[in-house]
Amino acid sequence: MAAAEVHRSLARGLPVRLQRFFAHNPPAAAAAANGASSASIVPESPDASATASTLRKTSKLNPFAPHKNPITGRWHPPIYSLRQQADLVKLAKANGVEELLPFTIKSTIEKDRKRVEHGLRVKGTGTGQRVKGHEWERTLKGRLDKRRQAMLDMPKMIQEWKLRGHGRGWKKWPR
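Everything in the sequence shown is counted per the UniProt record's numbering, starting at 1 for the first residue and increasing by one.
Hints in this document: simulated from the structure, not taken from any laboratory. Worth double-checking, as some hints may not be accurate.
[Said to hold, decoys possible] Derived lysine-lysine pairs resembling DSS-like cross-links, with alpha carbons at most 25 Å apart:
#: 1; residue 1: Lys106; residue 2: Lys68
#: 2; residue 1: Lys146; residue 2: Lys156
#: 3; residue 1: Lys90; residue 2: Lys114
#: 4; residue 1: Lys162; residue 2: Lys146
#: 5; residue 1: Lys60; residue 2: Lys132
#: 6; residue 1: Lys123; residue 2: Lys141
#: 7; residue 1: Lys123; residue 2: Lys111
#: 8; residue 1: Lys132; residue 2: Lys146
#: 9; residue 1: Lys90; residue 2: Lys111
#: 10; residue 1: Lys90; residue 2: Lys106
#: 11; residue 1: Lys132; residue 2: Lys162
#: 12; residue 1: Lys68; residue 2: Lys93
#: 13; residue 1: Lys156; residue 2: Lys141
#: 14; residue 1: Lys60; residue 2: Lys93
#: 15; residue 1: Lys132; residue 2: Lys106
#: 16; residue 1: Lys106; residue 2: Lys93
#: 17; residue 1: Lys111; residue 2: Lys93
Using the sequences and the hints given, assemble the complete structure.
Laid out in structure tokens, this is it:
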């Protein structure tokens, strides 16, 4: 009982929003410590007989994931939207209890895993890819190469002009 009391006192120090979330969706570690598994069959009352009519299946669904109703076959959206999930993850991370939240794509661990798996995903940053950019940016390298080559060929061009003349009736350079 002492450990449970310590956990309760720590939980009281959390923001109200996290307290409310954990009251409705207790962490798996807390549920296992209380002796209940996430998909166990328990009687509705302690004195009820263990018949099929008095047993109910308690399967705790992830409130961050959509789920399918087994009877109707219809999908139900997650209880918390992606924005709400992100807010809860930020709040839990700030209070050091992020690992107690159910799985969500907004968790830091999942975001890091995706970053490692997919990289930055900025178009053109992969191997052999180029960022589209503006036309002047795309053609800049070619223009600079042309300009550099023209500067290297400049002495030869000057020599040809001196030998051939300008071609517009100008005085030809002496040979």
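Going down the list of hints, with the structure as the test:
no., hint, verdict
1, Lys106 to Lys68, "21 Å, holds"
2, Lys146 to Lys156, "16 Å, holds"
3, Lys90 to Lys114, "18 Å, holds"
4, Lys162 to Lys146, "23 Å, holds"
5, Lys60 to Lys132, "48 Å, violated"
6, Lys123 to Lys141, "20 Å, holds"
7, Lys123 to Lys111, "19 Å, holds"
8, Lys132 to Lys146, "21 Å, holds"
9, Lys90 to Lys111, "13 Å, holds"
10, Lys90 to Lys106, "9 Å, holds"
11, Lys132 to Lys162, "44 Å, violated"
12, Lys68 to Lys93, "30 Å, violated"
13, Lys156 to Lys141, "24 Å, holds"
14, Lys60 to Lys93, "23 Å, holds"
15, Lys132 to Lys106, "30 Å, violated"
16, Lys106 to Lys93, "11 Å, holds"
17, Lys111 to Lys93, "13 Å, holds"
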